[in-house]
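Numbering (this note's numbering), first residue to last: 1 to 376.
Calculated from the structure, these hints are not laboratory results. Ideal Cβ positions, reconstructed from N, Cα and C, are used throughout, including at glycine. A hint or two may mislead.
[As the list claims (entries may be wrong)] Straight-line C-alpha distance at most 25 Å; calculated BS3-like pairs for lysine-lysine:
#	residue 1	residue 2
1	K76	K112
2	K115	K284
3	K327	K351
4	K260	K351
5	K260	K226
6	K284	K116
7	K166	K71
8	K116	K263
9	K116	K127
10	K284	K359
11	K263	K284
12	K115	K187
[What the hints assert, rightly or not] Restraint-style ranges between C-beta atoms, simulated for each label pair:
#	residue 1	residue 2	range
13	T309	E162	35 to 45 Å
14	D255	E162	30 to 40 Å
15	A357	E162	47 to 57 Å
16	E169	E257	30 to 40 Å
17	K284	N369	24 to 34 Å
18	E88	V376	52 to 62 Å
19	K52	E88	14 to 24 Å
20	V376	T185	27 to 37 Å
21	E88	G42	23 to 33 Å
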Amino acid sequence: MKRLLTILTVCVLLLSTALGLTACGEAGGGSSSKKGLIYKKGTSDAYYTLYKYVDDGTGVTALDLSVLDVKIGRIKTGAFDGNDTLTEITVAGTGDEENPLVIEEGAFKGMKSLKKMTIPFVGATAKADAYIGETAPSDKSVGFGRTIGYIFGTDAYDDLAEVAVKYSESGSNTVYIPSELTEITVKAEGEYKIPAYAFCGLTQVMTINLEGNITAVGESAFKDMKQLKKINIPATVTAIYGSAFKGCDALKDYDGESGKGLKIEDGSALVKIGDSAFNGCKIKNFVLPAGVEVIGESCFAQSDIESFTFSAAIKTVKAYAFYGCVKLTEVVIPALNGEATLGVSCFAECKNLDATALKAAFTYDDTQNVFQNTKV
1 MKRLLTILTV
11 CVLLLSTALG
21 LTACGEAGGG
31 SSSKKGLIYK
41 KGTSDAYYTL
51 YKYVDDGTGV
61 TALDLSVLDV
71 KIGRIKTGAF
81 DGNDTLTEIT
91 VAGTGDEENP
101 LVIEEGAFKG
111 MKSLKKMTIP
121 FVGATAKADA
131 YIGETAPSDK
141 SVGFGRTIGY
151 IFGTDAYDDL
161 AEVAVKYSES
171 GSNTVYIPSE
181 LTEITVKAEG
191 EYKIPAYAFC
201 GLTQVMTINL
211 EGNITAVGES
221 AFKDMKQLKK
231 INIPATVTAI
241 YGSAFKGCDA
251 LKDYDGESGK
261 GLKIEDGSAL
271 VKIGDSAFNG
281 CKIKNFVLPA
291 GVEVIGESCF
301 AQSDIESFTF
311 SAAIKTVKAY
321 AFYGCVKLTE
331 VVIPALNGEA
341 TLGVSCFAEC
351 KNLDATALKA
361 AFTYDDTQNV
371 FQNTKV
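With the hints as extra help, turn the sequences into a complete structure.
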């Protein structure tokens, strides 16, 4: 009898501990406002660590971590592993520079039904390099850790989409993304740059919403997103780095009725567009924001562009910027603020373009084939 009582006591204690993890933060802390979340805060931790989400069978399909009565400072590997009920999830940053949110590799792996996701940054943390060669700060996420694939991980699942995502020019990982995931929102908390290679190669996502104080779009950030049909560039963005949208075959002009296409928000602070940024895209009409000074090498080369409007602030259009744009027939040039130069073969092979106005407005070197095989 005594042995039986001892066993029963142990069972009760184990059950109490499990329930405490689910309903409480710190030992003896208050209850959570969301069911199914297992999280804990150590005595020296600033925020809670989320260990696991367990479906409680009540039919919850959308989970918003930003409305919890506690702040999550870390989301562990496998926290949502195998979940097949959630179709939408929102993750919020901690808002504390000293204790930023950390998302571990594979935190959202195995989410079979996920369709929409809102995150405060891409990858492991909000600190990441926007272009290759950037060195500060020293604790930034680099390589695979700065990509969207990192939070889904490399563990294989038969019922998820197998995608090769690149994290550098020569580096890539095969990751397993929810097959129905088509929309991702990056809702930045504080100043933020979209990292280099952030979404590179993520083929099935059609919509990217960028919100908050986003100041740059990283190198190759959206490269080869073959199904990307809708994205906005916030007015706070000052630089779009090289190859940012290269290979986005489905990205077209913004359509106000459908909301699809590339939208550069009004009042844009954009100053620089990097090399090959829109190379090969399907955008037909492009109007530079008023403050743009630099268009990178091969920026719009061999694209479907038909009409292009320069900014008055333009200073440099680099080599091959519009090379091979055979559909380009119209170039609008405002009164320029100062001298502006055209690089080598800048408008070469634009066979249907009358370059008379360009020759009058810009400075260029006659020996550099700037207007080779144009109408003039």
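* Kindly indicate which numbered hints from before are broken by the structure, ordering the numbers from low to high. => Numbers 2, 4, 6, 7 and 20, in rising order.
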